[in-house]
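Chains A and B, in that order, give the protein sequences.
For what it's worth, our numbering labels the leading residue of the first sequence as 547, then goes sequentially.
For what it's worth, our numbering labels the leading residue of the second sequence as 547, then goes sequentially.
If you're looking for bench data, these hints aren't it; they were derived computationally from the structure.
A portion of the hints provided could be inaccurate.
[Stated by the list, open to error] So the derived label-pair ranges between C-beta atoms look like this: (1) A:600 - B:603: 56 to 64 Å; (2) B:620 - A:650: 17 to 25 Å; (3) A:633 - B:592: 27 to 35 Å; (4) A:616 - B:712: 26 to 34 Å; (5) A:689 - B:613: 46 to 54 Å.
[To be verified] Heads up, simulated EDC-like pairs for lysine to aspartate or glutamate below, C-alpha to C-alpha not over 16 Å straight-line: (6) B:594 - B:561; (7) A:612 - A:561; (8) A:710 - B:693; (9) B:612 - B:561; (10) B:710 - A:693; (11) B:710 - B:619.
We put the beta carbon where it would ideally sit given N, CA and C, even for glycine.
In case you want the letters, here they are:
There are 2 protein chains.
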Amino acid sequence: MNTKELCLGALFLGDASGYEIKQRFETTFSHFQQASFAAIYPALTRLKAEGLVSSRVEVQEKRPDKTVYSLTEAGRQHFIGALHASNGAETFRSDFILLMFFAEHLSAEKLTAVLEQHEETLRRIIDTLTEIRHCGGHSRGQLFTLDYGIAINQASLAFIEQRKAEFTSQEPSS
Amino acid sequence: MNTKELCLGALFLGDASGYEIKQRFETTFSHFQQASFAAIYPALTRLKAEGLVSSRVEVQEKRPDKTVYSLTEAGRQHFIGALHASNGAETFRSDFILLMFFAEHLSAEKLTAVLEQHEETLRRIIDTLTEIRHCGGHSRGQLFTLDYGIAINQASLAFIEQRKAEFTSQEPSS
DNA sequence: CCATACCTATATCATCCTGATATATTTCAA
DNA sequence: TTGAAATATATCAGGATGATATAGGTATGG
Chain A
547 MNTKELCLGA
557 LFLGDASGYE
567 IKQRFETTFS
577 HFQQASFAAI
587 YPALTRLKAE
597 GLVSSRVEVQ
607 EKRPDKTVYS
617 LTEAGRQHFI
627 GALHASNGAE
637 TFRSDFILLM
647 FFAEHLSAEK
657 LTAVLEQHEE
667 TLRRIIDTLT
677 EIRHCGGHSR
687 GQLFTLDYGI
697 AINQASLAFI
707 EQRKAEFTSQ
717 EPSS
Chain B
547 MNTKELCLGA
557 LFLGDASGYE
567 IKQRFETTFS
577 HFQQASFAAI
587 YPALTRLKAE
597 GLVSSRVEVQ
607 EKRPDKTVYS
617 LTEAGRQHFI
627 GALHASNGAE
637 TFRSDFILLM
647 FFAEHLSAEK
657 LTAVLEQHEE
667 TLRRIIDTLT
677 EIRHCGGHSR
687 GQLFTLDYGI
697 AINQASLAFI
707 EQRKAEFTSQ
717 EPSS
């Protein structure tokens, strides 16, 4: 899925400006998709030219005016088509795992810091997802993604808690 | 970590040609880092210019000749420095989770297919990592990354197996 | 025995995406 | 009152990917 199609997905949740779409990437989609402003704004321009979204300017008093985008019927159909065409591919990139791979070349301080910081990151993600989860108003699919995120991050955290002693204790002999 | 630094990491495991470095990305590093030929070859050229790697041409009988790269002492130090400078950031992108998010807009056939195909993908990853894991000759850090990969993918698989009935059965009423 | 598919090996193009930076205004907290 | 943070849009330089090109060798099956 490219940024254009992901923007259609974001607009599936309701009309939004480019700025608000970015916010959806940082909340609703944050644990499985991301996109930058530099990808979103040109994507919206192109989607408009293709007739997959329409736009209107909303004048605001205490905030800058904004261009609000809506899915057109063609856009709705295009997105459903893109979902059906997708093979569900995933990519995972982790500098944390790379650091652990080369653990023997790290200083004891760095190793401890990396493990603790990563545990903290995982806890924060779990907290955020758990909070969203208990807000209500989620579809069955949305609940699946929240519970999945919570489960996987908890599994990561549990694994690290179980194994970190190997790396942080004073050289257990064997 | 960019491709240049990741190539240094790949060469930490021993001298290699660009082609062989790519193979390391597809085996040893595959579950936490990836890189394409179009990123690797220019990276090696630049690393050589910076004196972080050296190269020699190996003439082969039944295969095309190859340029084999070695880490220099400067390259070794640069990589260790890069490890210590890294904050261990991770990114995860999943079209599978996106599909599940919009599950209610998918046909029953697509939904079943997506779930089954993803289960199969996870099983294959677990099998591959388990096989590598039992080969021996791994450092403590390498074992951590293999066990971590196995644990996380098993957690994903278990979650999907537990929850898929919600989506594939004939509309359980509630 | 020959076709065709796959492996080794390197290289590059168009496209896409990110991080950083720019601009301008407003609210909120120190 | 000073400055940080939020709203809103835009774009550049640098990187990365997927596809494609070249070119010869090996292996498999009909």
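Does the structure break any of the earlier hints, and which numbers would those be? Going through the list in order, the structure violates hint 11 alone and respects the others.
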